[in-house]
Amino acid sequence: MAEFRVLILGGTSEARQLAAALRKRSDVDTLLSLAGRTEKPSEQPVPVRIGGFGGAEGLARFLREGEFDLLVDATHPFAARISANAAEAAEMTGIRSIALRRPLWSEEHGDRWTHAATIPEAIEALGAVPRRVFLATGRQEAHAAEAAPQHFYLVRSVDPVTPPLQLDHAVFILDRGPFALDAELALLRDHRIDAVIAKNSGGDATYAKIEAARMLGIEVFMIGRAVAPAMRTVETVEDALAAIDHLVPPAMKRGV
100 MAEFRVLILG GTSEARQLAA ALRKRSDVDT LLSLAGRTEK PSEQPVPVRI GGFGGAEGLA
160 RFLREGEFDL LVDATHPFAA RISANAAEAA EMTGIRSIAL RRPLWSEEHG DRWTHAATIP
220 EAIEALGAVP RRVFLATGRQ EAHAAEAAPQ HFYLVRSVDP VTPPLQLDHA VFILDRGPFA
280 LDAELALLRD HRIDAVIAKN SGGDATYAKI EAARMLGIEV FMIGRAVAPA MRTVETVEDA
340 LAAIDHLVPP AMKRGV
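Under this note's numbering, the first residue of the sequence shown is numbered 100, with each subsequent residue one higher.
If you're looking for bench data, these hints aren't it; they were derived computationally from the structure. Accuracy of the hints is not assured; some may be wrong.
Claimed, not checked - Mimicking EDC-like on lysine to aspartate or glutamate, the simulated pairs with C-alpha atoms at most 20 angstroms apart in a straight line are:
1) K123 to E102
2) K123 to E337
3) K123 to E142
4) K123 to D338
5) K123 to E310
Said to hold, decoys possible - Pairwise CB distance ranges, derived in the manner of DEER restraints:
6) H268 to A119: 54 to 62 angstroms
7) M351 to R211: 24 to 32 angstroms
8) A216 to Q249: 19 to 27 angstroms
9) R148 to Q265: 47 to 55 angstroms
10) G151 to A227: 37 to 45 angstroms
Since the model is a prediction, treat every value here as computed from it, not as a measurement. Glycine included, every Cβ here is placed at the ideal spot set by N, Cα and C.
Please construct the entire structure, taking both the sequences and the accompanying hints into account.
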């Protein structure tokens, strides 16, 4: 009996959770694709492909040649280019598609948010007076901090920032979420942080820094997401599983 083939574009904890759940189904064949930006990705529960596709056309070709039935975009909410390519490839091939996107964080009572569209915009908004900044945006755009070297920066990322930042006042931490609230409170206090720069990624894994900033009265410069491409969207792994179960033809279903 044929299997329902699913390609997951991953890089998030939700992608891993979805893959783990689909692995239990004998009627679904799942391949997880990672962009390869992280040097030591977490172990995954299904076969993994690493690397780019060569744009939307390359992804469309991969989908056709692999005879996939469904494309799931479960990339990071700020992987705008990959998501755009996924939407275009789905349209080019006519393959069914789902985007698994975490809900945005929203401001709560006690938050001190300053909204920014980009990391450079947030760094400029820090002002001229030296501040102690927790740059919690990963390594991809950390070099934007070099435009404002008067500040102290605490930089946290999964992999080292390369090439090294040309800053006189910076501390680097290599760590991977999820992060606990108590640890985030201690981190902000120990480094006397008075500003946090963060992307509005949503989800629970990295929210503790936002909660800690609220509790300590620290200003957060929140980077907003770009407008997502049009694609059927679900917010949770459970919703994605329900959608996939609905798409698997009854004649294929077994071992559910």
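Status of the hints after comparison with the structure:
At most 20 angstroms may separate the alpha-carbon atoms for a hinted pair to count; K123 and E102 meet this at roughly 13 angstroms. Among the hinted pairs, K123 with E337 is consistent with the structure: their alpha-carbon atoms are about 14 angstroms apart, no more than 20 angstroms. With a CA separation close to 17 angstroms, the supplied pair K123 and E142 stays within the 20 angstroms bound. Note on K123 and D338: the hinted pairing holds, with a Cα-Cα distance of about 17 angstroms set against a maximum of 20 angstroms.
A distance of roughly 35 angstroms separates the Cα atoms of K123 and E310; the hinted pair therefore is violated under the 20 angstroms criterion. About 42 angstroms separates the C-beta atoms of H268 and A119, a value inconsistent with the hinted range of 54 to 62 angstroms. As the Cβ distance of M351 to R211 is approximately 52 angstroms, the hint placing it in 24 to 32 angstroms is violated. At roughly 23 angstroms, the beta-carbon separation of A216 and Q249 lies within the given 19 to 27 angstroms, and the hint holds.
One distance hint, 47 to 55 angstroms for the beta-carbon pair R148 and Q265, is violated here, with the actual separation near 36 angstroms. The supplied range of 37 to 45 angstroms is met by G151 and A227, whose beta-carbon atoms lie about 40 angstroms from each other.
The structure does not agree with the numbered hints 5, 6, 7, 9 stated previously, though it agrees with the rest.
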